[in-house]
Structures are given as structure tokens and as C-alpha cells.
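Participant: First to last, the protein sequences are chains A, B, C and D. The numbering used here numbers the first residue of the first sequence as -12 and each following residue consecutively. The numbering used here numbers the first residue of the second sequence as 18 and each following residue consecutively. The numbering used here numbers the first residue of the third sequence as 6 and each following residue consecutively. The numbering used here numbers the first residue of the fourth sequence as 532 and each following residue consecutively.
Derived by calculation from the structure, the hints in this document are not laboratory data. Hints should not be assumed to be uniformly reliable.
Stated by the list, open to error - As a list, the in silico BS3-like pairs of lysine-lysine whose alpha-carbon atoms are at most 27 Å apart:
id	chain 1	residue 1	chain 2	residue 2
1	D	Lys617	B	Lys425
2	C	Lys64	D	Lys664
3	B	Lys395	A	Lys43
4	A	Lys43	B	Lys328
5	D	Lys628	B	Lys213
6	D	Lys820	B	Lys126
7	B	Lys425	D	Lys628
Said to hold, decoys possible - Sample of chain C residues at the chain D side, in silico, Cβ under 8 Å:
id	residue
8	Leu82
9	Asn93
10	Tyr95
11	Thr97
12	Leu98
13	Asp102
14	Met105
15	Val106
16	Ser107
17	Thr123
18	Ala124
Virtual Cβ for every residue (Gly too), placed ideally from N, Cα, C.
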Amino acid sequence: MTQALISQILIGVSVTAILVISAIGLAVIFGVAGVINMAHGQFIMVGAYTAAVIGKMGGNTFVAIPVSFVVVALLGLAVERGVIRWIYDRPLETLLATWGVGIILEVVMKLIFGPELYYVGAPKVLAGSVHLVGRLPYPYYRLFLIVVAILMVAATFYLIFRTDFGLKVRAVRRNRAMSGCLGIDTAKIDMMIFMFGSGLAGIAGAVLAPIKSVSTTMGFRYAVDSYMTIVLGGVGNLWGVPTGGGLIGEGETLLAYKFNSVIGELLVFIFIVIAIRVFPRGIFGYQERR
Amino acid sequence: MTMRRRKFLKSSAATLGAWTLGGTAPYYFMRNIAKAAEGDTIKVGILHSLSGTIAIIETSLHNAELLAIEEINAKGGVLGKKIQPIVEDPQSVVQVFAEKAKKLLLEDKVAAVLGCYTSASRQSVLPIFEQYNGVLLYPTLYEAQECSKNCFYTGAVPNQQLDDFVPWIINTLKRKKFYMVGSNYIYPKETNREVKALLEKHGGQNVGEEYAPLGHTEFSTIINNISGSGAEVVFSDLVGDSIVAFYKQFKQFGFTADDLPICTPITTEQEIAAMGPENAEGHYTSFNYFQSVDSPENKSFVERYKAKYGKDAVTNAVMEAAYFQTYFLAHAIEKVKSTEADALIYEGLPGQEFQAPQGKVKIDEQNHHTWLWARIGKANPQGQFDVVWKSENWIRPQPWVPYLYPDKTCNFTDQRVKERLSKPWSVEKNRSGTINL
Amino acid sequence: MALLEVKGLTTRVSGYTILDNLDFSVEENELRVLLGPNGAGKTTLIAMITGQFRPTAGKIHFAGQDITGWSPDAIFLAGISRKFQVPNMYETLSVYDNVMVSLQSDRKVFKYMFKGVTAAEDERIWEILDFVELAGKASDPADTLAHGERQWLEMGMLIASNPKLLLLDEPTTGMTPDGKQRTAALIQKIARNHTVLLVEHDMHLVRQIARKVTVLHQGQVLAEGALDEVVSNKTVREVYLGKGKRH
Amino acid sequence: MLLLGAAVVAVIGGFPVVAGTDSYILLLLGKFLCYAIFALSIDLIWGFTGILSLGQAVYFGIGAYFVALSLKINYALDHPTRYGNKFPDFMEWNGLKALPHFMEPLVSTPFAVACALIVPTALAFIFGVITFKRHIYGVYCAVITLAESLILQEFIIEYQAYTGGFNGITDYSNYLGIPFLWFMLAVTIAFFLIARVLTHSRIGTVLKSIRDNDLRAQFMGYNVANYRIFVFCVSAFMSAAAGAMYAAWVGIISYLDTGPVFSVEGVIWTAVGGRATLIGPFLGAFLVKGLEFLLSGVLAAFWQLLVGLLFIFVVLVMPDGIVGSIAHWLRRHRKGTLTQLREEQDLLAHDREHDWQPAGVPRSGEESV
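Start from the sequences, fold in the hints, and give me the full structure.
Facilitator: Put into C-alpha cells, the structure is as follows:
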């Protein structure tokens, strides 16, 4: 019993990692650029298909990570230049426009790759598992995912808090007009951050594909999970992503263990709805003083 | 006074004019579009989702049916006429299935419809086929316990997949403790009910049963539960995306087919291609057809399919059913020399035989389901199945399995059923062939 | 009894003290000007009075009621109207509708359901539009107005609500000198029959209209009194009026 | 305008008389009417009040499920199921032995209809109070309502013994026919008139002012939350009524009818037709759904692509939708071009009240929604 529970908690860590990986790109775009990217799930899907193509050409996940990053970042660039930049001041409409982008991406990918499920394998080095504590052995690939999640969060923190670029990003976020007056090219900052966030979604697709399934319709689920994660954690604070991810990941796995997967998911959703109402801006989000 | 009256007359005439004109114009416009396409052809509706979540599978059924129609037309068609497929996309939404079915029957006046994949979609269109007396050929394996006058079921029912499979696992694999994993909807729940009944009958044991939401791709918790249950075999009726994620994660958590094989009535070559053969190797599937079936009909079928849809295309059992049901229909029309629904339903289709890729198949005269072969395949490193067991003969379909429903059967040749069906739909809405023994 | 009385008002935000134990009051029918350098807490004080934010400590009394912690709409109904720094109105509504929505009336949802505009109300709206010189643009959407006109419209909206106390937060921001002159005249016109608390930077304007001023500095009242008195106050000159004027 | 409306009503009402009741276009017409009401309900909260709810389908779905359940139970009483029992077949599949007690009142269809209307409205009231009293709106409101929608879907699929689950509820007597079409038409007109009275009365002006500038409205003494709750309930009521009629008309209900995708579809119909107009939602629903039906067969692969492009096109090029754009065009031609430029470029266009706040929400976004 204890052994099983330990395994379950460890599994929760990997589920958390998966949530963090899929949500971090969205958190960057949503939290910094203020854009509600409903095509986030489809960005992840494009990342996964990129990994599939790399796989066909003989590369593995390690090759796919940078390639997916670049491909999806470029896709993000196109979407930002073509659509988003006209509607930064209308956040609710970015929602509709990006929903449209998502539909288009699904159709285009289906026309290129066909409707069936696609194959993406895990690299040979990461096959197999190691016995840590608990009842189950721990797959190397899940350890790898945890490392990737930590690296992605760390890289984002570094970029936002330790670089010159990050300084500008924070300045723009605090006061767009003032930053503009100070000679920061706010349009360029928005564009760069959108590209960066999209690229992170691409990485998510590439690293998640080997343990999940890849199809053109896979995106919606990830988008929903990502939104839940960042809304629970709170936008505007990157710590919200691991916090939200952790609560959902551990909560869902432990509840699924106690009851079953369906009830687990249901309870977590209900918890989120209650939590957002108690903390309207998320757990780590900015609290409005009244 | 007169002024007012004239005004009134004028306006009511105008309203009436608008009413008739506006009401009829689009209708006849639509009708003419349909008529223009009408030539010396036999129209057959094809109703599979080409968009939405279920398009992943249904597109291949659509492809197989178009292949068959192409072949039939190449050989001269039916009754000297070409078959004209009328393709509709129901977008994976049940209401759209219903409205498209209605359109196919009433506007296009198709001879029959080949279509549907999920039980949900079949159930949504059946009332329409029953009301307007259409013919539906349905290619999917399903949970059975149904038989409708207007539907012909060419996929497997549980007795054709499970009755031999479960005892085979217990006796040949020597594994008694089953852990059942399924997607959370009717098909897996019904299938598992039959598996449990079979376990009781053959001395197996059910050590756990779990359902995941449809589309779920995180199975670590379920794998943890399986690991602690003492299971000797995992019986999976997961569908779609979940299959791929489950097999992958099962292997990553260190389970091999030698320790704990996954046995399933639903995983096909298509899912194996998506998960990679390394993740499926050694696991078992029970099906009527595999791409690797060694028969001349199958070799040529696979060849033609690949020629049309690319060399990476894989065939599977549901597609095969979609393929041969098209031939059933063509031969039935040929036999009764008519596209009249009742002629097809009472004379054309029942008893129709065809040398399908899986072997000779036949529509049962009594219950509208299909006699099929049972096979058990073991996934090999090439992503194909090695057939490790095959039924000695084709197996009669039983929509009501006797060990769960001993007092029910389905028989359209029974006098009581015939009597009931002779009444028009407006009087007797029950178009089922089920009778209580 | 003063109309507005603020006692010991303190506001802290993430460690910064914005208002520090502030005492302050405004009498009825007064035109009071609030001065102070940037960051002195003027706008914060206004936000506290109107209920936008809750003070860390202290009390606010208005017309004999303790209104500390009330919601903005309740405080409005008690009789305090606020003009924002930046023109703040309903952009897509017409000028007429902007004033109409601001009229004094019962604001309960169901009482509003099928109510139209009465003749008396219509007359009052036109009266106000004339007052702020916007009658000619009554049917234009508010977002087509020029900046100065928008400021005026918002003041018209405030008058429409017939408040006991008007809080005007830098109403001349971004205006041309001419616009400022006209606004000053308007404010004086308003002050004839309303109590007004004005936050203003522009000393020319202040000179023109001020009767009594209060200077805030670092969240506290630095000086209070007639303009000339305050201007000659040494500390005030140091912190606010600038070094140039010392000699 | 009135004539045009009368003509449309005449066309829809007259259609079955001319074409007969067996036409599938009749089925579509009735469906579209329900969709149009659904879009109108979204327009009320989104177009006129500025609340974007991605969970509007929740209220539609609950209304639909109550009616569908009631009709199904009644149908089963008259027509024994394939299993020969007198209660809905999906209950039997899931191992129930009889109709559960708590569902027995649903045998009475008037009771079910009452539930279908009251329960969603009450739910909207509760959700509205919690949401708007806590000053959640804009993006957060959209995401929370999305979550609600997903929860309801999960709930329906999980408790399939009572809801039909993934398969939904089908195979019951529906009310497809001329009288019911006329009834739906009457209801549609009634809702249109209610919406018109609501948006053209004083409350409508207040709602629009809240949409434009909720801060200003609050400082003008309006209890913004109460107004939002009120309009949210009205909108939920309309959705529920649309759902109830939809279930009775179409005869099939599934979990998809309660999902976020359906809600977003409703939002897009409204956007295409023209939000904050009353004809817009009707036009949008009929146009998009009609085109979808015509084209999805012929252009199966590309229809979705068109839909995606339509989303982007409407947002970027035609944010006011068809009706809004036409109205703009008419206004411009009536008045001559508006060349009023603002005297002063106001660089200080941000409400500086917030400047001293610590790191907070993104600038563009929360307040301006």
C-alpha cells in the first residue's frame, strides 16, 4: 500500500512535469504578451509532427527538440505578424482569431499527413526504466521529462529575469506606453516573446510525442490542460506554472488512484473552478486590493 | 374604407407571394442540384466523418468503400449502371449524422448507405432509416444486443471475438487473472460484461476493472494499479488515441509481453503503426481479419489498397468489413434487380455470400449480422500480426449472447417479427427483430 | 461638521507607505485644491475616498456616515462623484446617452427594466449638455469627441448625478492653454453650487480658481490654508514649488 | 425593416406548407432557429454587456437534456426497448433495473420543461453571483466558463446510466412538424422582442455603458455585478429554452451539445452576423450553419479550413460583423465622413491610478475588457 502510494506520488511528479512542459509556452504568451492563444494545443501538435518527420529522417528526440523549437517559433512569428499584432488591444478577440488559427492548422496538417495517428518513438538511450523507490520502476523517459520541465522553466526565468531582453520584456509588461517612450520597440518585444512562447510549445510537442499519441486532433486536450494549469497558478507570475501543474498533476494522479481516472479528472476540474473563484487571479497571481 | 381594404388585400397578397416564393425557391434550387447529378447511375451514400475526432478512423473506412466502388464500376457496375457514391461528412457529430442520413435518403434517394463507425452515430441514424425505410450497412465491430430491420451489421459481434479468445487466454496462455482496462463508454462496458461472464464460465478471475475518459493519454496510474493487482493478463478495450499512449507507457514502465501480455479485441495494425511495433510486440489481438492473413484475396486487396492510398497505408479489420460490405450491396442489387429497400432487406442482402480477404463471409438470413472468421494474432516486430490461432469454421453471429441473454434472440424470418414489420412505421415503430424465446 | 472627514488614513502597498496617518477634511460648499508633487498620494487619496481600494487603517466619514470599505457604487450613491485623470466615459454610447446613464436615479436592476426617459429627465440632460457646451454633438458617439470635449463631457456626467461632493482629478491634463482657461471657468461655474475637491498641477490654473489649498507630501498633509499663505510657506517651497522660486 | 422581418418569418413558417414535412430542410430550419436563439443569448452577454462566456452551451445542454430525458422516458413507456423493458435502454445497458426514483417526476413533460428552463437559470444565477461579485470577467470569465463546460461533459459521460453518456440520448418521439415549427418561430420572435426591449430600454444603455467602461459605471453608482448577473440569467434562460426546443425538435442529444466547441461556434455566429446588433446572431447562425450544410459534403476537406479563415477574417477585417459593417456604411453615407481628429494626442491614455501598483496583470487586457 505504502509502496503503491510512493509510486503514485512519483508518477504525479512526472504528470506535473508534462503539464509544466505543455503550459510554460502558454504562460509566457498569456502572461507577458497578454494574448490568449487558443491555438496553443495546435502549436504543440505541430511540434509533435515535426518530431515525427525528424524521426522518419532518422533523427531522435534530441534532434527534434531544437528543430521543433525553431519550426514552431517561425510558425508563431507568422501568426503574430499575420494576425495577432493587429489585435493586441482586444484580448477577447485574440481568442477567436487564434481559435481560427488552430482550426486551420489542424486542417492543413491533416491534408499533409493524413488523418491517422502518427508514430514518434523514444530515443534508445531513454528506453527502459530504473527502480527507485515504490512499487513501480521509473521510466528513464519520465525522468528525462522532469529534467526537461526544469530546464524549460529555468531557461524562461533566466531569459526574463537575467537578460537585457528580459528587462525590456518586464518593462513593456509593466507599462507599455512608458516603455515605448523610453525607446523600447514594444512591437518587436511582443513579437519575440510570442515566438519564444510558441517555440516552447514546439518543444512540448517534441518531447511529449514519444509517450503520448500523435494526431491532428491531439491539440485541444493539451490546450485545456495548459489553460487549467496557468489559470490555477496565476498568470503574471511564472511560479504559477509549476504550482498549478503540481496541484493538478498530483491531485489528479492521487485522486485517480483513490477513485478512478474519470472521477479524478472530474474532481480536479471542480477544484479548479472553486479555486479560481477563491483566488480570482490564480494562487500566485496578482491580488486586487479591495 | 375602400382604401384600407385595398391596402390590406395588397399587403396580404404580397405576404403570400413572399411566403410561397421564399419558401420554395431554395428547396427547388437544392433539389435541382441533386437532380443534375442524377444520370444512369445507382446512388449509394457514404456517411463517414472526414473531420472531427473520429475522422482518424472513419477516413480509412471511407477509403475502403470508395476502393470497392471503383473496382465494381471497373468491372461494369451493377445492372449495367455505374455506382455513384454520394459522400457526406458528418463531422463526428451525432446530430449531423442524423441530418445527413435524412438528406441521403430523402433528397438523394440513395439505394443504401454505407456508413457510421461509433455506436453513438449508428444509434442516431437508425430511427431515420427505420422511419423512411432505408438500408444501412454498418462495418464496425460493436457491442451487439441490437438488430434492426434496416441495418446490416458486417463487423464482428462479441461472440465472434471473445467466445474463443477468453478460453484461449486461460487455457493456452495459462493466464487466469484478468485486469480490464477500457475507455469509458458503452462498447468497453458491454464487452467487459461479456468477458466477465466468460471468465466465470471458464474459470478465470477478474482482478480489476478500470475505465479512462475517452481520449485520455495518461496511464501511469492505471499501470500502477495493474502492477499491484497480481494480474496475469491485461484485457484492454481502450479505443483511439488511448491505445497508443497506453501501449507506449506500459512498455516504458518496464512491462513486457512475456510478463504481462495485453489482450484486446480492438487494437489493429493502424494503431500499431502509430505506436511503433516495438511497443506492441508480443501482445495479442483477436480479430476476424489481419493484414497478414494468407489468402489470395487478401494479397490482392492489400496490393490494390496500397496502390490507391500509398505504400505506407495499412489495412485492418474494420476497413476490410467496409470493403466487403460494398460488395454485399452490389451483389444484392444484382440479385433482386432492384434498389427497392424491402427487396434488398428481405431478399437481396440476407444470405449474401462473398469471398472476402478474411475468407468466405455471409450475411445471416435471420439476424442481419455477418458470419465471420475468428483469429488471434500476436504482434510481431514488423508491426503485423502472426496468426497464432484460427477458428476451424466461420462463426455464426449472435447479437444476443446466450450466456447473458438466454431468453432473447433475433430472427427476421420469424412469423411474429414479420407480422410486426408488415405494419407501417406510423403504426408500429418497433423495427427490431428481437424476440423473447 | 465637515462634509468629508478623513482620519488617520494609512495605505501600505508591498512595503511602501503611500498614505501615512493622514487627517483631512472638506467643508460643505468649498472649492478645495489638492497640491503635491508626484507620488505625494493625491490620486491614492481619491481612490480611497471613492472606494476603489481599501485603506490599511483609518476612517473616512462622509455626510455623517462612516463610508470606509464601502463599494464604489455605494459611495457614489452616498453622494461622491469622481472625475478620472484620463477622460473616462462610455466610448460607443452617444453623448446624450452618456449623460442619461449618469442621471441621478434609482440604480436597482429591476426598476430600470422597462423605464424610458421622462420629459423632465430629457430637459435636465439638455440643460447639462448646454452647460458643458456639447449640445451640438448630442448624438455623436463619445469616442469621436476631441480630448478636451471628453473632459467636459465627463464633468457634465458628474453634474448630472447631482453629487454632494465632486472629486476632480487633474481635469486639465493634456489640454491646450485655451482649453485650460475654459475648463477653469467651467470649474468655477460648477463650484457655485457644488462642493469640489480638485487635484491640479498647473499653478496658473490654481491661482485663478483656488480659495483654499492643501499640500500633500509623502502621504501626509504638509500645509493647508489660503493659496498665498501656503505658497509663502518655506517647507512647501522647498519640496514642491521648486528651487527656482526661492530667491 | 419590419417588412423584411415579416418576410423572413413568412418564408420559414411557410416552408413546410409548401414543401411538405418530410424534407430534411425542415429539420435544418428548426435547428437553425434554435441555433439563432442560442447566438442571440450569447449576443446579449457578449455583444451588449461584454462578458465572453465559453460555457453558454452548459445552459443549452441542461435544457436539452431535461427535455430529452423526459421524452425518452415517455417513449420507453409506450414502446418497450429492445430489451423489452419500459424504461430507457441506456439505463438497462448500464445495469439499472428500473427508472431511478429521482427521475420519476420527469415522466411529466410539463415538469421537465419547467426544469429545463428553471434549473439553468438558477445555475446561471449562482455562477453569476460567485463570478461577478468577485469581479471576475474578461479572460478569466472565459476560462472559468470553459472549465464548467468541460466538467458538465465529463459528468454526462461518466454518469452514463442516467445521461446516455458518450452515445447521448436518441430514439424518442420528437416534435418534428409544422405546429412545432410555428411554435419555435413564435418563441424566436418573442425572444427577439424581449432582447429588443431589453437593449433599447434604459437598462440596455446601462449594460452597454458597463461593457464600454465598467469602472466608470461603478463610479457612477451602478452595481455592475448585479447588472451582469441579471443579463447572465436572461441569457441562460434563452439558451435553455433553445436547448429544450432543440431536443424536442431534433430528437438526438449528445454531450457535444454542452461543450465549449459549441459555445465558441455560437460566439462566431454572433461575430459573423454582427455583435451588439439583434439581427446579427440570426443572420450569422443561418448563414454559417447553412453554408456548412451546403459545402461540407462537397468540400469536406476544405470546409473546416474555410471556417478557420472566417474566424480570422471576422476578427481582423470585420469586427462588427455583417450587420454592423452595413450599418457603419449606411451611417457614413448619411452623414459624410467623420474627420474629427482629436485636438491633443493623449499620451497619458492609461489610467494612472494603477501606476503605483506592483507587478500585476498585463497592461492590455484586464481592465479594458
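Participant: So, for every hint listed, does it hold in this structure?
Facilitator: The hints, checked one at a time:
1. Pair hint lysine 617 (chain D) plus lysine 425 (chain B) holds up; C-alpha atoms about 16 Å apart against a cutoff of 27 Å.
2. For the proposed pair lysine 64 (chain C) and lysine 664 (chain D), the alpha carbon gap of about 24 Å is at most 27 Å, so the pair holds.
3. For the suggested pair lysine 395 (chain B) and lysine 43 (chain A), the alpha carbons sit about 25 Å apart, so the restraint of at most 27 Å is met.
4. Only pairs whose Cα atoms come within 27 Å are accepted, and lysine 43 (chain A) paired with lysine 328 (chain B) is accepted, the gap being roughly 15 Å.
5. Of the pairs offered as hints, the one joining lysine 628 (chain D) and lysine 213 (chain B) holds, with about 19 Å between alpha carbons and a cut-off of 27 Å not exceeded.
6. Distance check on the hinted pair: lysine 820 (chain D) and lysine 126 (chain B) sit about 23 Å apart at the alpha-carbon level, within 27 Å; holds.
7. For the hint pairing lysine 425 (chain B) with lysine 628 (chain D), the CA-to-CA distance comes to about 17 Å; that is within 27 Å, so the pair holds.
8. With 8 Å as the threshold, the beta carbon of leucine 82 (chain C) comes within range of chain D, its nearest partner Cβ sitting at about 5 Å, so the hint holds.
9. A distance limit of 8 Å between C-beta atoms decides the matter here; for asparagine 93 (chain C) the minimum to chain D is near 5 Å, and the interface restraint holds.
10. Taking 8 Å as the C-beta cut-off, the interface hint given for tyrosine 95 (chain C) holds, the closest approach to chain D being about 4 Å.
11. Hint status for threonine 97 (chain C) relative to chain D: holds, with the closest Cβ pair at about 5 Å, below 8 Å.
12. For leucine 98 (chain C), the interface hint holds, since its Cβ comes within 8 Å of a Cβ in chain D; the closest pair sits about 6 Å apart.
13. At its closest, the beta carbon of aspartate 102 (chain C) sits 5 Å from a beta carbon of chain D; the interface hint therefore holds under the 8 Å criterion.
14. Interface hint status for methionine 105 (chain C): upheld, as the beta-carbon distance to the closest one in chain D is roughly 6 Å, under 8 Å.
15. The closest approach between the C-beta of valine 106 (chain C) and any C-beta of chain D is roughly 5 Å, which is under the 8 Å cut-off, so the hint is satisfied.
16. A distance limit of 8 Å between C-beta atoms decides the matter here; for serine 107 (chain C) the minimum to chain D is near 5 Å, and the interface restraint holds.
17. Interface restraint check for threonine 123 (chain C): the shortest CB-CB distance to chain D comes to about 10 Å, outside 8 Å, so the restraint is violated.
18. This hint is violated: alanine 124 (chain C) has a C-beta 15 Å from the nearest C-beta of chain D, more than the 8 Å allowed.
In summary, the structure is inconsistent with hints 17 and 18 from the numbered list given earlier, while agreeing with the others.
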